[in-house]
Amino acid sequence: MTDERTLAPFGRRAAAVTWRARYGAYVVLGCADTGGPRPQAGQFYMLSAAERWGGGEGERPFLPRAFSVLRAPAGSPELEFLVEDVGPGTKRLAELREGDEVLLTGPFGVGFTPPRETRRPLLVGGGVGIAPLAILQDQLFPNAVPLLGFRDGAHAAGAELLIGARIATDDGSAGHHGLVSELLEAELARDSDVEVYACGPPAMLEAVRRECERRGVPAQLALESGMACGFGACFGCVVATRGGYLRLCLEGPVIDANQLAEVSAPEKQPAGATPANR
Amino acid sequence: MLDFCGIALEHPIINGSGTFDAIAARRAFGDALLESFPFAAFVTKTVTVAPREGNPPPRLWEVAGGLINSIGLPNKGLHGFLAEDLPELAELPVPLIVNVMGFSRDEVAELVDAFTERDEVAALELNVSCPNVETGLVMGADPGEVAALLERVTPLTGKPLIVKLTPNAGDVPAVARAAEAAGASALSLINTLRGMALDPGTGQPWLGATTGGVSGPAVRAIALAQVYAVARAVEIPIVGMGGVQTPTDALNLLRAGADLVAVGTESFRDPAAGRRVAEGLGTIVANRT
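Those sequence lines, one after another, are chains A and B.
First residue of the first sequence: 1201, per my numbering; consecutive thereafter.
First residue of the second sequence: 8, per my numbering; consecutive thereafter.
Misleading hints may appear alongside valid ones.
[To be verified] With the C-beta cut set under 10 Å, the calculated list includes, among others, these residues of chain B facing chain A:
| no. | residue |
| --- | --- |
| 1 | T26 |
| 2 | A35 |
| 3 | E42 |
| 4 | P45 |
| 5 | A57 |
| 6 | G61 |
| 7 | D277 |
| 8 | G289 |
| 9 | A293 |
These are calculated hints, taken from the structure and not from any lab test.
Values in this document were obtained by computation on a predicted structure and should not be read as measured data.
Beta carbons: idealized from backbone N, C-alpha and C, even for Gly.
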């Protein structure tokens, strides 16, 4: 098997924040990664702030945080990341301003691959997990209609980052009142000659996985797991697959749904308190 | 070049076992890793006789100035390592130190025997932070256990044997003296300190294995004290480690009595941390002479 991932430069490098924009509950950080390659859709970076990384709540953060790249415009050194303030690491990153510096390593992991046979790509995202679908739309599927789920209207503002999205919200404040997996079910009932590309919280991905399995639809799932390093050193980010544990940073973050008996929640607690990836 | 147990090293910075996977790193970084390899020698993750899948997740918890890990020594087992990993590790541009752990003296002997035959291996490091299933005692926590283990395995090999001491022992210098008397070539310390975190939501243990090992700058002062104490108890060389982030941290461990310094958790934050520390340390030393 050839490993076609885009390789990361060895070592950590600084990148200046060139712009920052707020989309409802989210912040988009643009930074100039002049020392790195153009990533593939679905690859991720480990980010920390160059200044004041540590000294926050509980004297954290200490470890860098993993972020799928939101966008990486061709012909530019720019990388964009989608940040939601849910813990000491994401809080510090979300407060960065133009001219501040981030430290980053990456791109890491394996990204999305083209659909099998003649299948049409169908993008499904939830919350901050919409990030890799934007670069996927940019790079591979400009005409794909994304189905996106959010908690509420403030989060649904993130849908502006993709083109032509159909939205579901838990509280009904925007789009379909309910789960994005319900939009997916309706879409698959209409036409199941698709390949699903999904990223979002574990419960959403498990619903997507089950629905795709039921209808025999292939799916590529971008998972999240708390990780310390991003390059296979810490062994902290393992996810349980049919073939045993695998390091998500190295064999993922995009996993073929067939490899999983279920998408298990790496987080046993409410958002905001997880240790290594918030 | 400096000499460590007869092994020529370009500088005094190596990695702590289990904090850098050179095979995985080569997949992520390509051959750029080999061109600027961050360590003067490479220490493998622990190899056991039987394959291990490791502990159930979650395996990590961030603490102030560090983290707790409960990885559980996943590895392919001796035969898998020899067949799949060793040939790849032999391509590294630095000497190879294989870290091994057994659940009995027989198992450690089997591992030492197997690696003694391999020219790719420059030295062995014994992870003694595990219980001996025959005696129920943590091998590295008890001077008698360590002595009995080394008396069993030192006659099996001509390669240097480094004993990785656990800080979770009542009298670490006593364990160090027992290891030296029984034929250890060198000592390395500290391993992680046992720690724990509770799930804020449920109040139950967060880590899949209930407890884990604390590492990072949070343990640096403890490492310095233990290296200092052990260096005054033995004559054999010492690999000092624990929370090293900067050249000054490494210099302090050398001043406390270490001969080499290992970088561990800091490599998670910056994969090239070892090289940065080694270069900075070289500059400090050059400016003082």
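Hint by hint, here is what the structure shows:
no.	hint	result
1	T26	6 Å, holds
2	A35	4 Å, holds
3	E42	8 Å, holds
4	P45	8 Å, holds
5	A57	14 Å, violated
6	G61	6 Å, holds
7	D277	4 Å, holds
8	G289	17 Å, violated
9	A293	22 Å, violated
Hint compliance for this structure: hints 5, 8 and 9 are not met, and every other hint is.
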